[in-house]
Amino acid sequence: MRQRLRELAALPWLLAMRALDRPFRLLQRGIGQGGMPYFFLVPNLLFFGTFVILPLLVNAAYSLTGGTELFLEDRPWIGAEHFGHLFACGDLLDPATCREDNFWRAIYNSMKFVTLQVGFMVALSLLTALVLNRKIRARGFFRAVFFFPVLLSPVVVALIWKWVLHRDGVLNALLESLGGDKILFFIDPGWAMFWAIFVSIWAHMGFYTLILLAGLQAIPPDLYEAAEMDGTSKTRTLWRITLPMLWPNLVVVIVLAMIKSVQTFDEVFVLTGGGPGTATQLIVQYIYDTGFASQVQNFGLAAAASYVLAVILIALTVIYIALAFRPDAKHA
Amino acid sequence: MADLRLRGIAKSFGATEVLRDVELEVADGEFVVLVGPSGCGKSTLLRIVAGLEKQSAGDIEIGGANVNAVPAADRGLAMVFQSYALYPHMTVYKNMAFALENTRMPKEQITARVREAAAMLRLGELLERKPAQLSGGQRQRVAIGRAMVREPKVFLFDEPLSNLDAELRVAMRKELATLHASIKATMVFVTHDQTEAMTLADRIVVMRAGVLEQIGRPLDVYNHPANLFVAGFIGSPRMNFFAAAAEGGRLRLAAGGMMDAPPGIALADGAKVTVGVRPEHVAIGTAAGCDPFAGAVEINEQLGGESYLYCGCGLEEQVVVHSPGQNELRVGDRIELALPPGRAHVFDGDGKVVRPA
Numbered sequence: 001m002r003q004r005l006r007e008l009a010a011l012p013w014l015l016a017m018r019a020l021d022r023p024f025r026l027l028q029r030g031i032g033q034g035g036m037p038y039f040f041l042v043p044n045l046l047f048f049g050t051f052v053i054l055p056l057l058v059n060a061a062y063s064l065t066g067g068t069e070l071f072l073e074d075r076p077w078i079g080a081e082h083f084g085h086l087f088a089c090g091d092l093l094d095p096a097t098c099r100e101d102n103f104w105r106a107i108y109n110s111m112k113f114v115t116l117q118v119g120f121m122v123a124l125s126l127l128t129a130l131v132l133n134r135k136i137r138a139r140g141f142f143r144a145v146f147f148f149p150v151l152l153s154p155v156v157v158a159l160i161w162k163w164v165l166h167r168d169g170v171l172n173a174l175l176e177s178l179g180g181d182k183i184l185f186f187i188d189p190g191w192a193m194f195w196a197i198f199v200s201i202w203a204h205m206g207f208y209t210l211i212l213l214a215g216l217q218a219i220p221p222d223l224y225e226a227a228e229m230d231g232t233s234k235t236r237t238l239w240r241i242t243l244p245m246l247w248p249n250l251v252v253v254i255v256l257a258m259i260k261s262v263q264t265f266d267e268v269f270v271l272t273g274g275g276p277g278t279a280t281q282l283i284v285q286y287i288y289d290t291g292f293a294s295q296v297q298n299f300g301l302a303a304a305a306s307y308v309l310a311v312i313l314i315a316l317t318v319i320y321i322a323l324a325f326r327p328d329a330k331h332a
Numbered sequence: 001m002a003d004l005r006l007r008g009i010a011k012s013f014g015a016t017e018v019l020r021d022v023e024l025e026v027a028d029g030e031f032v033v034l035v036g037p038s039g040c041g042k043s044t045l046l047r048i049v050a051g052l053e054k055q056s057a058g059d060i061e062i063g064g065a066n067v068n069a070v071p072a073a074d075r076g077l078a079m080v081f082q083s084y085a086l087y088p089h090m091t092v093y094k095n096m097a098f099a100l101e102n103t104r105m106p107k108e109q110i111t112a113r114v115r116e117a118a119a120m121l122r123l124g125e126l127l128e129r130k131p132a133q134l135s136g137g138q139r140q141r142v143a144i145g146r147a148m149v150r151e152p153k154v155f156l157f158d159e160p161l162s163n164l165d166a167e168l169r170v171a172m173r174k175e176l177a178t179l180h181a182s183i184k185a186t187m188v189f190v191t192h193d194q195t196e197a198m199t200l201a202d203r204i205v206v207m208r209a210g211v212l213e214q215i216g217r218p219l220d221v222y223n224h225p226a227n228l229f230v231a232g233f234i235g236s237p238r239m240n241f242f243a244a245a246a247e248g249g250r251l252r253l254a255a256g257g258m259m260d261a262p263p264g265i266a267l268a269d270g271a272k273v274t275v276g277v278r279p280e281h282v283a284i285g286t287a288a289g290c291d292p293f294a295g296a297v298e299i300n301e302q303l304g305g306e307s308y309l310y311c312g313c314g315l316e317e318q319v320v321v322h323s324p325g326q327n328e329l330r331v332g333d334r335i336e337l338a339l340p341p342g343r344a345h346v347f348d349g350d351g352k353v354v355r356p357a
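So the sequence lines, in the order shown, correspond to chains A and B.
When the letters of the first sequence are read in order and numbered with our numbering, they come out as residues 1 to 332.
When the letters of the second sequence are read in order and numbered with our numbering, they come out as residues 1 to 357.
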């Protein structure tokens with residue numbers, strides 16, 4: 001009797017499962033068991049194809065065609081002319097001698113930005129992680145404080161700092177109240193680049209601090225006790241134990257930060273607009289300006305420049321994968 | 001080398017008291033093993049000696065000098081950790097040389113010391129390898145080598161064999177005993193494995209809940225346990241315990257029957273006691289001065305050269321009987337058991353051993 005009741009209670013569930021199974025059974029009968037994995041991959045392939053592969057191909061087509069027309073069928077084939085235009089330089093170290101001088105200015109701006117932003121950001125992240133790894137008061141609070149900017153949208157970050165750094169902003173008001181003069185941060189090229197780098201570090205540092213903190217916490221405490229018994233000074237412990245043990249994480253952080261830094265656009269665009277002049281125009285903004293924001297929208301040149309950027313990013317990604325997934329990445 | 005003295009050591013973590021009034025003297029060149037169940041405070045005591053943990057009260061003297069305020073590195077001790085704590089990014093040579101480099105010792109001297117220790121521990125061929133390329137036993141030897149090159153006053157071992165498999169543990173136990181015999185260093189060794197304690201120690205310190213229960217030579221502790229805990233902890237399989245009551249100078253066993261009190265032991269009539277008899281002393285058949293009682297064989301472990309019978313005698317726990325050689329008994333067979341009074345230990349109501357008058 002109890003068995004019958006149990007079977008009766010399970011009946012709706014059984015019928016629902018059978019109804020759900022049916023289409024898959026029919027499909028499997030049609031395409032075979034071997035075809036089923038491909039069927040489940042179709043949604044992802046469609047998405048990836050539409051938003052990644054197709055734009056890549058379209059972009060390639062734009063880079064190899066000329067004119068200002070939007071539709072590819074109206075654009076004449078010009079081969080690698082755009083690439084030739086980008087690399088036509090009397091002296092690669094002097095953007096003024098290049099036909100597309102703004103491209104090379106953006107490249108050099110990006111190089112300066114990446115070097116300083118990544119260098120200082122990794123150093124500060126490491127320092128912060130080392131401090132937060134100690135048993136300090138309110139450690140959880142400080143961890144949250146340092147991570148908080150990561151949660152903000154880049155545009156929000158830029159607007160907050162614009163409010164601080166504007167001609168009549170909070171910082172200038174503070175300077176004036178202390179008896180100083182206003183500084184036009186976005187008019188002076190040096191200050192503009194400084195604040196672009198500073199704001200970018202402020203916005204992203206928390207993420208890298210978190211990765212390094214996780215790396216520090218993965219170092220077995222026994223090693224520090226052994227070092228203490230061995231009479232190792234604090235400085236020597238940092239150089240000989242902590243940093244070598246953290247090195248795999250540190251390398252990943254550096255390369256990851258470089259990839260993100262090369263891609264920087266929205267924060268700096270909203271904060272300085274690439275100015276004054278082209279002093280803070282980075283490579284992605286150059287592509288955007290060339291393709292969409294200039295009087296003559298040069299889609300082809302922008303597409304060619306984006307392929308140059310892609311080559312740089314692929315090279316960095318290959319380095320990242322090689323370092324992050326190498327077998328001895330954790331001394332194991 | 002030096003002696004080690006602990007005077008009234010106590011340690012509390014907040015309201016939790018983990019060590020209470022520990023008094024211990026380790027003579028120069030002695031091998032002392034701290035043994036006890038997990039959480040008894042033995043590792044904490046070792047870490048206090050090492051200087052990695054600060055005691056709440058008490059004094060530590062090494063070589064006659066009070067080292068309470070001396071940092072770990074300056075106490076002249078070397079410690080072998082349970083996890084070995086080898087630096088994974090350094091070679092075996094670098095691991096062993098690291099502490100000496102800290103002292104700015106000349107390079108030639110460091111090399112000589114490392115090579116000498118490596119030769120003694122059969123690590124000569126492995127000096128350029130990293131810890132990940134070594135087996136568990138080899139890592140263990142590197143950890144010992146790292147301690148040896150410092151020529152410490154006292155070696156401290158924190159459960160160094162517990163990460164090894166059974167076979168390797170036996171091999172390393174022998175190596176440690178040989179090492180101690182050859183360098184004659186003062187060694188304090190922590191373990192929860194009483195076999196390690198019995199085989200390695202000059203003296204055993206049995207600990208429970210932060211208190212030293214008994215200190216003595218391994219066989220003294222085995223033959224004359226101070227209380228029920230030590231009697232049960234030292235020895236494998238553990239000692240059999242039987243509830244009993246004194247009656248007319250004899251003991252009435254809860255298992256059934258009467259037995260004589262062990263020689264020299266006088267008990268007041270009606271006194272509730274526990275009689276302890278080791279498995280190898282339980283007699284199959286009869287024993288003078290003890291009424292036999294019945295038991296049914298429930299498990300018969302035949303190890304070839306010896307056997308262990310686990311018998312149900314109507315008590316809460318099985319009675320374990322060791323018998324030399326092999327036997328023909330089968331599960332369910334009924335046998336008679338007896339407890340020879342001369343081999344029995346008697347513990348009072350507080351669990352303390354009753355000594356002969």
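In short, the hints are calculated from the structure, not lab data.
Since the structure is predicted, the reported quantities are computational estimates derived from the model, not experimental observations.
By construction, the Cβ of each residue, glycine as well, lies at the ideal position given by its N, Cα and C atoms.
Just so you know, not all the hints are guaranteed correct.
Dumping the calculated BS3-like pairs for lysine-lysine here, alpha-carbon to alpha-carbon at most 25 Å [what the hints assert, rightly or not]:
#, chain 1, residue 1, chain 2, residue 2
1, A, Lys234, B, Lys107
2, B, Lys54, B, Lys153
3, B, Lys94, A, Lys234
4, A, Lys135, B, Lys54
5, A, Lys234, B, Lys130
6, B, Lys174, B, Lys184
7, B, Lys174, A, Lys234
8, A, Lys162, A, Lys182
9, A, Lys112, A, Lys162
10, B, Lys107, B, Lys94
11, B, Lys94, B, Lys130
12, B, Lys94, B, Lys153
13, A, Lys260, A, Lys112
14, B, Lys107, B, Lys153
15, B, Lys107, B, Lys130
If you anchor each label on the Cβ, the simulated ranges turn out as follows [what the hints assert, rightly or not]:
#, chain 1, residue 1, chain 2, residue 2, range
16, B, Ala132, A, Ile136, 48 to 58 Å
17, A, Leu5, B, Gly351, 54 to 64 Å
18, A, Phe87, B, Pro106, 52 to 62 Å
19, B, Glu61, A, Leu243, 35 to 45 Å
20, A, Ala173, B, Lys54, 45 to 55 Å
21, A, Gly275, B, Ala132, 46 to 56 Å
22, B, Ala132, A, Arg236, 41 to 51 Å
Now the hints, each set against the structure:
Of the supplied pair hints, the one linking Lys234/A and Lys107/B holds, its CA atoms being roughly 22 Å apart against a limit of 25 Å. The hinted pair formed by Lys54/B and Lys153/B meets the criterion: a straight-line CA distance of about 20 Å does not exceed 25 Å. For the given pair, Lys94/B sits about 19 Å from Lys234/A by alpha-carbon distance, which is consistent with the 25 Å threshold. Distance check on the hinted pair: Lys135/A and Lys54/B sit about 17 Å apart at the alpha-carbon level, within 25 Å; holds.
Proposed proximity of Lys234/A and Lys130/B is supported: the alpha carbons are some 24 Å apart, at most 25 Å. Distance restraint check for Lys174/B and Lys184/B: the Cα-Cα separation of roughly 15 Å lies within the 25 Å cut-off, and the hinted pair is therefore satisfied. Distance check on the hinted pair: Lys174/B and Lys234/A sit about 37 Å apart at the alpha-carbon level, beyond 25 Å; violated. For the suggested pair Lys162/A and Lys182/A, the alpha carbons sit about 15 Å apart, so the restraint of at most 25 Å is met.
Taking the CA atoms of Lys112/A and Lys162/A, the gap is about 22 Å. The hint holds against a cut of 25 Å. Restraint check for Lys107/B and Lys94/B: the C-alpha separation of about 12 Å stays at or below 25 Å, so the hint holds. Only pairs whose Cα atoms come within 25 Å are accepted, and Lys94/B paired with Lys130/B is accepted, the gap being roughly 9 Å. About 22 Å separates the Cα atoms of Lys94/B and Lys153/B, which keeps this hinted pair within 25 Å; it holds.
A hinted pair counts as satisfied when its Cα atoms are at most 25 Å apart, and Lys260/A with Lys112/A qualifies at roughly 14 Å. At roughly 23 Å between alpha-carbon atoms, Lys107/B and Lys153/B fall within 25 Å of each other, so this suggested pair holds. Taking the CA atoms of Lys107/B and Lys130/B, the gap is near 21 Å; set against the 25 Å cutoff, the hint holds. At about 33 Å, the beta-carbon gap between Ala132/B and Ile136/A misses the expected band of 48 to 58 Å.
With their beta carbons about 57 Å apart, Leu5/A and Gly351/B fall inside the hinted range of 54 to 64 Å. A hinted range of 52 to 62 Å for the beta carbons of Phe87/A and Pro106/B is consistent with their spacing of about 58 Å. The supplied range of 35 to 45 Å is met by Glu61/B and Leu243/A, whose beta-carbon atoms lie about 38 Å from each other. A hinted range of 45 to 55 Å for the beta carbons of Ala173/A and Lys54/B is consistent with their spacing of about 52 Å.
At about 53 Å, the beta-carbon gap between Gly275/A and Ala132/B stays in the expected band of 46 to 56 Å. For the pair Ala132/B and Arg236/A, the supplied restraint of 41 to 51 Å is violated, since their beta-carbon distance comes to about 23 Å.
Checked against the numbered hints above, the structure breaks hints 7, 16 and 22 and satisfies the rest.
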